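Work out the full structure: start from the sequences and follow the hints.
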Amino acid sequence: MNSVAIRPFVTNLTVEKLANISFFAWCICEVLFSHSIISRISLYLFCGLVIILILQEKRIHFGLILFFSLAFIVYNHLILSNSIFISETQSMIKTLFISFLFYFCLYNYVSLSDDIYSIIKIYRFAGLVLALYCFGMYLASGFQGRMGGSFDVNANSLAIPFSFAFLFYFNSFLAERKAKRYLLAMAILLFVIFLTGSRKGLLGIVIGIVIVIQLFYPRKFVRNAIVLTVILILGYILLMKVTFFYDLVGIRMEALMAFVFEDGTAEASLSSRSDYTDLAWEYIALRPWTGYGLNTFHTLRESYGTYSHNNITEVLFSSGIFGFILFYFPLAIETIKSLITGIKKDKIGILFFAVGVIVFILGYALVFYYSRSILALFIMAAGWMKSLKNRDDDKVNINQSLQIKNGGP
Numbered sequence: 004m005n006s007v008a009i010r011p012f013v014t015n016l017t018v019e020k021l022a023n024i025s026f027f028a029w030c031i032c033e034v035l036f037s038h039s040i041i042s043r044i045s046l047y048l049f050c051g052l053v054i055i056l057i058l059q060e061k062r063i064h065f066g067l068i069l070f071f072s073l074a075f076i077v078y079n080h081l082i083l084s085n086s087i088f089i090s091e092t093q094s095m096i097k098t099l100f101i102s103f104l105f106y107f108c109l110y111n112y113v114s115l116s117d118d119i120y121s122i123i124k125i126y127r128f129a130g131l132v133l134a135l136y137c138f139g140m141y142l143a144s145g146f147q148g149r150m151g152g153s154f155d156v157n158a159n160s161l162a163i164p165f166s167f168a169f170l171f172y173f174n175s176f177l178a179e180r181k182a183k184r185y186l187l188a189m190a191i192l193l194f195v196i197f198l199t200g201s202r203k204g205l206l207g208i209v210i211g212i213v214i215v216i217q218l219f220y221p222r223k224f225v226r227n228a229i230v231l232t233v234i235l236i237l238g239y240i241l242l243m244k245v246t247f248f249y250d251l252v253g254i255r256m257e258a259l260m261a262f263v264f265e266d267g268t269a270e271a272s273l274s275s276r277s278d279y280t281d282l283a284w285e286y287i288a289l290r291p292w293t294g295y296g297l298n299t300f301h302t303l304r305e306s307y308g309t310y311s312h313n314n315i316t317e318v319l320f321s322s323g324i325f326g327f328i329l330f331y332f333p334l335a336i337e338t339i340k341s342l343i344t345g346i347k348k349d350k351i352g353i354l355f356f357a358v359g360v361i362v363f364i365l366g367y368a369l370v371f372y373y374s375r376s377i378l379a380l381f382i383m384a385a386g387w388m389k390s391l392k393n394r395d396d397d398k399v400n401i402n403q404s405l406q407i408k409n410g411g412p
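If you're matching positions, the sequence shown starts at 4 in this note's numbering and goes up one per residue.
Think of the hints as simulated: they come from the structure by calculation, not from any bench.
Please read these numbers as outputs of a predicted model, since none were measured by experiment.
Treat the hints with caution; some may be incorrect.
No more than 16 angstroms apart at the CA atoms, straight line, and that leaves these computed lysine to aspartate or glutamate pairs for EDC-like [stated by the list, open to error]:
(1) K20 to D118
(2) K20 to E179
(3) K124 to E179
(4) K350 to D118
(5) K348 to D118
(6) K348 to D117
(7) K392 to D349
(8) K348 to D395
(9) K20 to E60
(10) K347 to D395
(11) K350 to E91
(12) K392 to D118
(13) K392 to D117
If you want it as structure tokens, here you go:
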């Protein structure tokens, strides 16, 4: 009798452990082999295990962010006839639908497990392992150029997940007592981000640290200002005074500052990206409501086969104003809810709020509407808040049952 009762529990536990392992594998494969057969296999494996978990738990969750994610796909399918390159749009719709299936499974994985801290540990450890692997590959290449180029991975595709993993460790560094154990992991991730030469990765860390420190200690403004000033000074010295790091990223940060504050730069990449964004705005003004179809900007003669380098213009160009609302509205809602929940209930919400703000800011120079590795963090936040709501509902039901049992109202 006891073995029969224990067997379902053991099975559920085993499936959940396998789901954890597959999520770890996906975190690595999605960065190294994004939108390839390898990342697809890791994605399907994770989804399959989560579906088994859903069937065993006999519960299924579906939230606002999933509804809008599906609505965005359906809407773009409905306006397919407006696309200037239908086959490209159809291909992207298929990609987004696969992403939706993954988001659905990730949402249920987080909400059913009701243990966001374990999932965050998996995510950040995957980031650390990936950073060590990439450093090994970079070392084997003889430190040639920016990290990523020697093994055909975009530097920003590495640096942005590394920056999020760094912030996850930083959050634990502030929140836990035995925090010194995280210093080595944070140092490794920061060092590797420097090696990528990614401005986006460094900006993500700076923005995240400012938000997390201020919201963790809102009444210690002077101390926060001193700590942040010291961090910025040390970062400036490291980037501008150490030749190795200056050649990798310091000179790029100088070009960015010149572009932002002097309205011009000697770096061709920033100028060309700005030109592509301006081009997108010109086309958006001609067809603001319907757009030109998903993944079609690169088919324009003037785009030279590239995208607009701005998520706002890319979504507006692709789907018009209504599609833009469908995409951005749930992300804004989840970001705001994360802040409120972080202040009232659990400070992990502050971390998710910081991530949301970072993504919105970086979206000015980054196209992410099809990026699973970035949007997964919004899904994780939504799933976590769903688990909190379920927990509160369970408490209410238990209290009502006890009242009834005791003859109360």
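These are the hints, each one checked on the structure:
1. Distance check on the hinted pair: K20 and D118 sit about 13 angstroms apart at the alpha-carbon level, within 16 angstroms; holds.
2. Of the supplied pair hints, the one linking K20 and E179 is violated, its CA atoms being roughly 25 angstroms apart against a limit of 16 angstroms.
3. A hinted pair counts as satisfied when its Cα atoms are at most 16 angstroms apart, and K124 with E179 qualifies at roughly 13 angstroms.
4. Simply put, K350 and D118 have alpha-carbon atoms about 14 angstroms apart, close enough for the 16 angstroms limit, and the pair holds.
5. Restraint check for K348 and D118: the C-alpha separation of about 15 angstroms stays at or below 16 angstroms, so the hint holds.
6. In summary, the hint linking K348 to D117 is supported, as the alpha carbons are separated by about 15 angstroms, within the 16 angstroms threshold.
7. Restraint check for K392 and D349: the C-alpha separation of about 13 angstroms stays at or below 16 angstroms, so the hint holds.
8. A threshold of 16 angstroms between alpha carbons decides the hint, and for K348 with D395 the separation of about 12 angstroms falls inside it, so the pair holds.
9. The suggested pairing of K20 with E60 holds, with an alpha-carbon distance near 15 angstroms, which does not exceed 16 angstroms.
10. For the hint pairing K347 with D395, the CA-to-CA distance comes to about 14 angstroms; that is within 16 angstroms, so the pair holds.
11. With a C-alpha separation of about 42 angstroms, the suggested pairing of K350 with E91 is violated against the 16 angstroms cut-off.
12. Restraint check for K392 and D118: satisfied, since their Cα atoms lie roughly 13 angstroms apart, inside the 16 angstroms limit.
13. Taking the CA atoms of K392 and D117, the gap is near 10 angstroms; set against the 16 angstroms cutoff, the hint holds.
The structure shown violates the earlier hints numbered 2 and 11.
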